[in-house]
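Undergrad: Chains as they are written, first to last, in the UniProt record's numbering: chain A, 1 to 146; chain B, 1 to 335.
Keep in mind the hints are simulated off the structure, nothing from the lab.
Positions of the beta carbon are idealized from the N, C-alpha and C atoms, including for glycine.
Each hint should be verified, as a subset may be incorrect.
Stated by the list, open to error - With a straight-line Cα cutoff of 27 angstroms, these simulated DSSO-like cross-link-like pairs (lysine-lysine) come out:
#1 B:K37 to A:K116
#2 B:K9 to A:K135
#3 B:K144 to B:K160
#4 B:K196 to A:K135
#5 B:K246 to B:K9
#6 B:K294 to A:K131
#7 A:K135 to B:K125
#8 B:K41 to A:K131
#9 B:K37 to A:K135
#10 A:K135 to A:K97
#11 B:K45 to B:K268
#12 A:K131 to B:K246
#13 A:K135 to B:K268
#14 B:K170 to B:K150
#15 A:K135 to B:K41
#16 A:K131 to B:K45
#17 B:K39 to A:K116
#18 B:K160 to B:K196
#19 B:K39 to A:K131
#20 B:K246 to B:K41
#21 B:K9 to B:K294
#22 A:K116 to B:K41
#23 B:K250 to B:K239
#24 B:K109 to B:K182
Unchecked claim - Label-pair ranges, simulated between beta-carbon atoms:
#25 B:L105 to A:D119: 22 to 32 angstroms
#26 A:H127 to B:T137: 43 to 53 angstroms
#27 B:D30 to A:D119: 35 to 45 angstroms
#28 A:S107 to B:L114: 16 to 26 angstroms
#29 B:K127 to A:N137: 32 to 42 angstroms
#30 B:E29 to A:D119: 17 to 27 angstroms
Next come the chains, spelled out residue by residue.
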Amino acid sequence: MSVEEPIKDQDVSMNDIEANDQIVEDQPINEEEEEEEEELDTEKIKLLPGSTEDGTSASFQITEEDHTLGNALRYIIMKNPEVEFCGYSIPHPSESKLHIRIQTYGSITAVEALHKGLDDLSDFCTHIEEKFTEKINQGGFSTEEE
Amino acid sequence: MVDNIVRIKHDRVENTVSTDYPGFHNDNEDYSWDLTKFKSKFDIKISYISERVANFDLINIDTSVSNAFRRIMLSEVPSVAAEQVYIFNNTSVIQDEVLAHRIGLIPLKVDPDLLNWIDNSVDEKDKFTDGNTVVLTLDVSCSKNPNASKNSTDPNELYKNSNIYAKDLKFEPQGNQLEKFKSPVVAADPNILIAKLRPGQEISLRVHCILGIGADHAKFSPVSTASYRLLPTIEITEKIKGEDAKYFQKLFSTGVIGINEQSEAFVKDSRRDTVSREVLRHERFNGKVKLGRKRDHFIFNVESSGAMPPEEIFFKSVRILRNKAEYLRNCPIGR
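Only chain A is shown next, with the shape it has when bound in the complex:
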């Protein structure tokens, strides 16, 4: 089984990504689909070697991310009661790579825990944005520096 050649250094716009969770394997791809494929950054997140067969514990490598996403994601994944362990590291300071390890109690897979974490984090941000907008519109605060 050969894996489709990953596209390197692709600049991808944040807005026009279509949902696609499946791992890219050697499916026959025609020309049109290949163009679609280029929109997705297959190098962004990778499964690191050493995951268990059942997928309940795994480590992922995310490129171009740092403590900003790493720590926030670690926090929200640790909030999941199905997760036994979650931790992140930046193995080398001059390589922009983030490693994140997830071990679950067994009822969900590490990938599911990761995806739930990402969904929760985006809900979290949505609420903070809404709350801040609400407070700004409400007014009642000083416009002078104290």
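Use these hints to put chain B onto chain A, whose structure you have.
TA: Same frame as chain A, now just chain B:
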């Protein structure tokens, strides 16, 4: 219920790490992520928002997320700054590269949302378009002022154009930029000194300003500072009266401690405290006061460099974190 007060002792801190995760405590509290619960607990209090500075509190939120917002505001919210400086003539005492660097650091008043990102895959000569580049020019030369009084020693009177300021950068609209930008691009602070000239010296240059992020170069950072501190707490455990109270008051920042009619010291406004821990050095107050900080109460201070209102920068940081999560959610996991 977890204790969320960081205890501050005279030489150490205690209870610094948040442990509000499922499986950490043997109580009946549910620590798992629950959006409805978060919505009911989370609060924002805005102290003030001026043209350049925003000061607000995020309450009942974890450090990991607060810190993400702070880091994004500093290094990932895009803004516009000078990237290329084409120098046609520079006979001033400032070297070309130093001059270019100084111009790069000048904050510009232009909405970054109106520009597109530079596409680095495009050929160098087609890379810069009216959609992604703002052009500024600086053409100045210094001359003697013939009307200066005879005995004057003031350079401002003796010479014309002896000081070159950020306001001397002139906007050269490309394409439909004048209509698109509504107001011409100017330096956010007009009186930043760029160079000093003497008669006969001149500077002639052209600047290309593009979008960028602070992680790439500090000139692209939209904030002067973006920081948070935890809300200080002061607990007086034993009554402090009379002369002691007056003395006690002086050990804190002004306005933190008040004295009531019974001449007893009370905590008036712990938010103003700098937590200097001075009070813990005085034997007479041993065991009478407890200092701390609320671990999940963040007092943010965001100072814009001038391109965007400070609250807009915070908004953008929240959106950027959400985009990161959503983008990663949609990425296929490779092997």
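Undergrad: Which hint numbers doesn't this structure obey?
TA: The structure conflicts with hints 2, 4, 7, 10, 12, 14, 20, 25, 27 and 28, although it agrees with all the remaining ones.
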